[in-house]
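One-letter residues, chain by chain:
2 protein chains.
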Amino acid sequence: MPKNTPPGPRDERGVLSARILAAAREEFAHHGWAGTTIRAVARAADVDPALVYHYFGSKEALLDTSTNPPQRWLESVARTWTAPVGRLGEALLRQMLGAWADEEIGPMLRAIVLTAAHDEATREKLRRVVESGLMGVSQLGIDERDRLKRSGLISSQIMGLAMMRFVWKIEPVASMSDDELVSAVAPNLQRYIEGA
Amino acid sequence: MPKNTPPGPRDERGVLSARILAAAREEFAHHGWAGTTIRAVARAADVDPALVYHYFGSKEALLDTSTNPPQRWLESVARTWTAPVGRLGEALLRQMLGAWADEEIGPMLRAIVLTAAHDEATREKLRRVVESGLMGVSQLGIDERDRLKRSGLISSQIMGLAMMRFVWKIEPVASMSDDELVSAVAPNLQRYIEGA
Chain U
2 MPKNTPPGPR DERGVLSARI LAAAREEFAH HGWAGTTIRA VARAADVDPA
52 LVYHYFGSKE ALLDTSTNPP QRWLESVART WTAPVGRLGE ALLRQMLGAW
102 ADEEIGPMLR AIVLTAAHDE ATREKLRRVV ESGLMGVSQL GIDERDRLKR
152 SGLISSQIMG LAMMRFVWKI EPVASMSDDE LVSAVAPNLQ RYIEGA
Chain R
2 MPKNTPPGPR DERGVLSARI LAAAREEFAH HGWAGTTIRA VARAADVDPA
52 LVYHYFGSKE ALLDTSTNPP QRWLESVART WTAPVGRLGE ALLRQMLGAW
102 ADEEIGPMLR AIVLTAAHDE ATREKLRRVV ESGLMGVSQL GIDERDRLKR
152 SGLISSQIMG LAMMRFVWKI EPVASMSDDE LVSAVAPNLQ RYIEGA
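From first to last, the protein sequence lines stand for chains U and R. Going left to right, the first sequence walks through residues 2 to 197 as our numbering numbers them. Going left to right, the second sequence walks through residues 2 to 197 as our numbering numbers them.
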């Protein structure tokens with residue numbers, strides 16, 4: 002049963018809004034944009050629906066906030082792209098595996114890819130995440146078109162692996178060890194990075 | 002406005018049920034399992050909701066039927082796996098590109114991957130489609146575990162490319178020519194097929 006939690010003192014606000022965001026990511030990921038209600042998010046977060054409106058304003062704004070990549074993830078991605086080019090495939094792959102396993106970033110990525118299916122605004126956000134996270138900062142190729150093509154192909158492999166392992170959970174990809182995946186997949190990424 | 006279309010003579014049944022299925026694939030793909038109603042499907046197909054119930058029985062059964070792969074697609078996939086092993090990467094890739102561009106199979110695949118996000122039964126179906134279509138008939142590797150690993154990795158690349166190109170429509174992958182994609186990606190598939 003939802004408790005009647007009033008807007009509390011300032012230090013409570015962060016705790017409550019983090020709890021609401023975590024619940025929202027779960028709800029959007031499992032039920033999609035159309036299937037998610039503020040009421041269900043409030044129930045899962047154990048707060049009053051009025052508090053969700055008070056903090057986030059609307060379902061649109063709640064989705065937007067709950068699928069905004071945390072700064073520390075953006076920074077980690079940017080650092081990854083500074084790896085030596087000969088080890089970039091492995092670095093990108095380990096970054097992705099770590100992000101999906103992270104208890105804050107994993108549900109955010111999951112909420113983005115699952116909601117992107119049905120919601121144009123989230124699809125646009127997915128494009129931006131892929132482009133900035135996987136394609137935007139790369140220094141690959143001989144010109145801009147070649148750079149985008151290479152990073153698009155890298156994204157296709159990394160996102161496909163993420164879908165198989167973390168979203169659709171198809172075996173044996175879902176349960177292979179990180180090391181086994183890296184030794185299987187990193188050379189293919191390396192070909193997109195450096196190949197002719 | 003929906004017309005009041007009564008269950009017609011037998012030869013009309015096929016036409017109407019194909020129209021309902023096409024509308025259902027679109028609705029499930031765009032609005033997900035929770036966001037799709039029989040009423041909306043009926044409206045899109047320009048038939049009475051009662052006819053949808055009459056032909057398909059329930060929303061569950063409608064989803065199930067509209068995401069069942071057509072026999073001709075299953076046969077085409079099985080034929081693809083008989084390609085010489087040295088050209089199998091290209092053959093699998095061209096099979097996927099052709100299927101997504103097909104006006105019946107494309108929407109079916111799209112409905113499966115988009116609905117799989119939110120519906121456990123469809124996710125199970127996606128697993129079966131991937132396993133039978135991309136993993137089930139392969140003769141790869143040195144033993145069963147190696148065979149499944151190789152075909153799982155092949156699936157990760159092919160499904161990731163399909164998501165980028167046909168579902169999320171991220172450039173430049175979305176608009177590269179089939180030939181350009183094949184020359185970029187087939188060698189990577191070939192490494193999963195034949196590599197050490």
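Hints may be right or wrong, so weigh each one.
[As the list claims (entries may be wrong)] Distance ranges between label pairs, derived from CB positions:
| # | chain 1 | residue 1 | chain 2 | residue 2 | range |
| --- | --- | --- | --- | --- | --- |
| 1 | U | Thr66 | R | Arg129 | 34 to 40 Å |
| 2 | R | Glu61 | U | Pro85 | 24 to 30 Å |
| 3 | R | Lys170 | U | Arg73 | 25 to 31 Å |
| 4 | U | Asp47 | R | Tyr54 | 46 to 52 Å |
[Unchecked claim] With the Cβ distance kept under 7 Å, some of the chain U side facing chain R (calculated, not the full set):
| # | residue |
| --- | --- |
| 5 | Pro70 |
| 6 | Leu98 |
| 7 | Val131 |
| 8 | Met160 |
Derived from the structure by calculation, the hints contain no laboratory data. Here a beta-carbon is modelled for each residue, glycine too, at the ideal position from N, C-alpha and C.
Here is how each hint holds up against the structure:
1. U:Thr66 <-> R:Arg129: 34 to 40 Å: Check passed, 36 Å falls within 34 to 40 Å.
2. R:Glu61 <-> U:Pro85: 24 to 30 Å: violated, 52 Å
3. R:Lys170 <-> U:Arg73: 25 to 31 Å: holds, 29 Å
4. U:Asp47 <-> R:Tyr54: 46 to 52 Å: violated, 38 Å
5. Pro70: Cβ of U:Pro70 sits 16 Å from chain R, so the hint is violated.
6. Leu98: violated, 13 Å
7. Val131: holds, 6 Å
8. Met160: Nearest chain R Cβ about 5 Å off; hint holds.
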